[in-house]
Amino acid sequence: MLQSAKIIGAGLATIGLAGAGVGIGTVFAALVNSTARNPSIKAQLFSYTILGFALTEAIGLFALMMAFLLLYS
Amino acid sequence: MLQSAKIIGAGLATIGLAGAGVGIGTVFAALVNSTARNPSIKAQLFSYTILGFALTEAIGLFALMMAFLLLYS
Amino acid sequence: MLQSAKIIGAGLATIGLAGAGVGIGTVFAALVNSTARNPSIKAQLFSYTILGFALTEAIGLFALMMAFLLLYS
Amino acid sequence: MTTFINTVFINNPLEQFEIKEFFYMGGPLLGAKFSLTNIGLYLIIVTILVLGMSYLSLNNNKVVPSRWSIVQESLFGSILNMIKSTIGGKGEAYLPFLYTIFLYVLLSNLIGLVPYSFTPSSHFVFGIGFSVAILIGVTILGFQTHALKFFGLFVPAGTPLGLVPVLVMIETISYLARALSLGLRLTANMIGGHVLLKIFSTFTWKAVIGGPILLLISIIPFAFIIAFTGLEIAIAFIQAYVFTMLTASYLNDAINLH
Chain A
1 MLQSAKIIGA GLATIGLAGA GVGIGTVFAA LVNSTARNPS IKAQLFSYTI
51 LGFALTEAIG LFALMMAFLL LYS
Chain B
1 MLQSAKIIGA GLATIGLAGA GVGIGTVFAA LVNSTARNPS IKAQLFSYTI
51 LGFALTEAIG LFALMMAFLL LYS
Chain C
1 MLQSAKIIGA GLATIGLAGA GVGIGTVFAA LVNSTARNPS IKAQLFSYTI
51 LGFALTEAIG LFALMMAFLL LYS
Chain D
1 MTTFINTVFI NNPLEQFEIK EFFYMGGPLL GAKFSLTNIG LYLIIVTILV
51 LGMSYLSLNN NKVVPSRWSI VQESLFGSIL NMIKSTIGGK GEAYLPFLYT
101 IFLYVLLSNL IGLVPYSFTP SSHFVFGIGF SVAILIGVTI LGFQTHALKF
151 FGLFVPAGTP LGLVPVLVMI ETISYLARAL SLGLRLTANM IGGHVLLKIF
201 STFTWKAVIG GPILLLISII PFAFIIAFTG LEIAIAFIQA YVFTMLTASY
251 LNDAINLH
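Protein chains in written order, with this note's numbering: chain A, 1 to 73; chain B, 1 to 73; chain C, 1 to 73; chain D, 1 to 258.
This is chain A alone, in the form it adopts within the complex (with noise of 0.2 Å):
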């Protein structure tokens, strides 16, 4: 019975990751979007981009873990 409820929790903390998709789409779209309109900072704003994405992905994987977390203990 347990056991069923760690699978159920961590299969619900995964939706958690929905949003850090949603927020990695979205910092691309404006790397793509302000390259179309500013072409010669191309290397600032990719760094800028590389940055946002990391700090985007680790809140997702913060949930991630947490099903993790759920799931083996």
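Be careful, since some hints might not be right.
With a straight-line cut-off of 30 Å between C-alpha atoms, the simulated DSS-like cross-links for lysine-lysine are [stated by the list, open to error]: (1) Lys42(C) / Lys42(B); (2) Lys90(D) / Lys149(D); (3) Lys198(D) / Lys6(B); (4) Lys42(A) / Lys84(D); (5) Lys206(D) / Lys20(D); (6) Lys42(C) / Lys149(D); (7) Lys42(A) / Lys42(B); (8) Lys84(D) / Lys149(D); (9) Lys90(D) / Lys42(C); (10) Lys84(D) / Lys62(D); (11) Lys6(C) / Lys6(B); (12) Lys206(D) / Lys6(B); (13) Lys20(D) / Lys198(D); (14) Lys42(C) / Lys84(D); (15) Lys90(D) / Lys42(A); (16) Lys42(A) / Lys42(C).
The set of hints was computed from the structure by calculation and includes no laboratory data.
Dock chains B, C and D against the given chain A, drawing on the hints supplied.
For chains B, C and D alone, coordinates are given in the frame of chain A:
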């Protein structure tokens, strides 16, 4: 009982893919907009879009991976 | 029975992280867009972004704290 | 079809992170307990790699740089630029510290991609140990340079008076959450990436030995694994860069107080 919980858990985990769907749509929308605005750097924009698509897809596959993990172990 | 409810509750609470993911993505998208539009005040824009990121992350971590609260007490 | 699929997982995909002891010395008599585990071994290997790389690029102090020293100098230069843009002049004192962090985290991420190897940075002890130590160090530095003015960090400039108590509470929580989020970000990325690789490689292996039709179908997951390994290498670089970048911005908070 456990098998039914696994199936429900996998079903819930797959909802995480919704975010990746929205994200990829946003990235390609930005590609279309920015190509109209500045067609000269189409190649650079396309390479950024493919990178954005790959990274957003990775998040979606994390959710799918979690669903498989719940379903089969 | 109670323990399984705790686990499912914690799983539900983790879904709150989705919002933080979207929020951080939007903040960094704004940073990338605005740096392209006006690169001279990059430093000021970056410090506002870090502030916005910290506040959005705090909200996401409130959700995570709530999940831990449900799980362990 | 279903019987074929549910034999996919012979053992748990999380097994790759288990710590196995190689040999164990000492006992109750000696008191001191020494055991070399696989995470210990890989940390030693990464340290040897970092030192070896620096020694190689030393090029016994010839004026003309060898290829190795060019690699190290360009890496040094890029981190110096990053520090200059994040912290400004005063941050250059922390260049060796940040350079070592970047190289160490990068090599421990990359060493995990070698087949049959172990990723030290996929353990929470590695990530969170680093980030808590960094945060304590930065806080001590902040107090040392700014004494009591350091608390000004928790009140962003230009907030209306009424909002201050709420904002201070949120800012302190997010400041303390930095200790966990910095390390957890690195570790969670590594764990998630490797578990995904493990699952897909088992899936493809089952498809390959599953029969001629499945052999043809297995090209798709195999191509995906190649693409994902490339992505995993990129993520190893990105995570190391972001870890250093955030450490630099935390140092900036301690030195320049916003």
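Hints, one by one, checked against the model:
Taken as a hint, the Lys42(C) and Lys42(B) pair is honoured in the structure, with Cα atoms around 26 Å apart against an allowance of 30 Å. About 18 Å separates the Cα atoms of Lys90(D) and Lys149(D), which keeps this hinted pair within 30 Å; it holds. Distance hint between Lys198(D) and Lys6(B) is fulfilled; the C-alpha atoms sit about 20 Å from each other, no more than 30 Å. Annotation: proposed proximity of Lys42(A) to Lys84(D) holds, straight-line Cα distance about 19 Å (limit 30 Å).
Our distance criterion of 30 Å between C-alpha atoms is met by Lys206(D) and Lys20(D), whose separation comes to about 27 Å. Among the hinted pairs, Lys42(C) with Lys149(D) is consistent with the structure: their alpha-carbon atoms are about 26 Å apart, no more than 30 Å. Using a Cα cut-off of 30 Å, the hinted pair Lys42(A) and Lys42(B) holds, with the two alpha carbons roughly 14 Å apart. For a cut-off of 30 Å, the pair hint linking Lys84(D) to Lys149(D) stands: about 24 Å separates their Cα positions.
For the suggested pair Lys90(D) and Lys42(C), the alpha carbons sit about 19 Å apart, so the restraint of at most 30 Å is met. Proximity of Lys84(D) to Lys62(D) is assessed by CA-CA distance (about 28 Å); at most 30 Å being required, the pair is judged to hold. Taking the CA atoms of Lys6(C) and Lys6(B), the gap is about 18 Å. The hint holds against a cut of 30 Å. A C-alpha spacing of about 21 Å is found between Lys206(D) and Lys6(B), which places the hinted pair at or below 30 Å, so the restraint holds.
Between Lys20(D) and Lys198(D) the CA atoms are separated by roughly 19 Å; this keeps the pair inside 30 Å, and the hint holds. Between Lys42(C) and Lys84(D) the alpha-carbon distance is near 14 Å, which keeps this suggested pair within the 30 Å criterion. A threshold of 30 Å between alpha carbons decides the hint, and for Lys90(D) with Lys42(A) the separation of about 27 Å falls inside it, so the pair holds. Between Lys42(A) and Lys42(C) the CA atoms are separated by roughly 14 Å; this keeps the pair inside 30 Å, and the hint holds.
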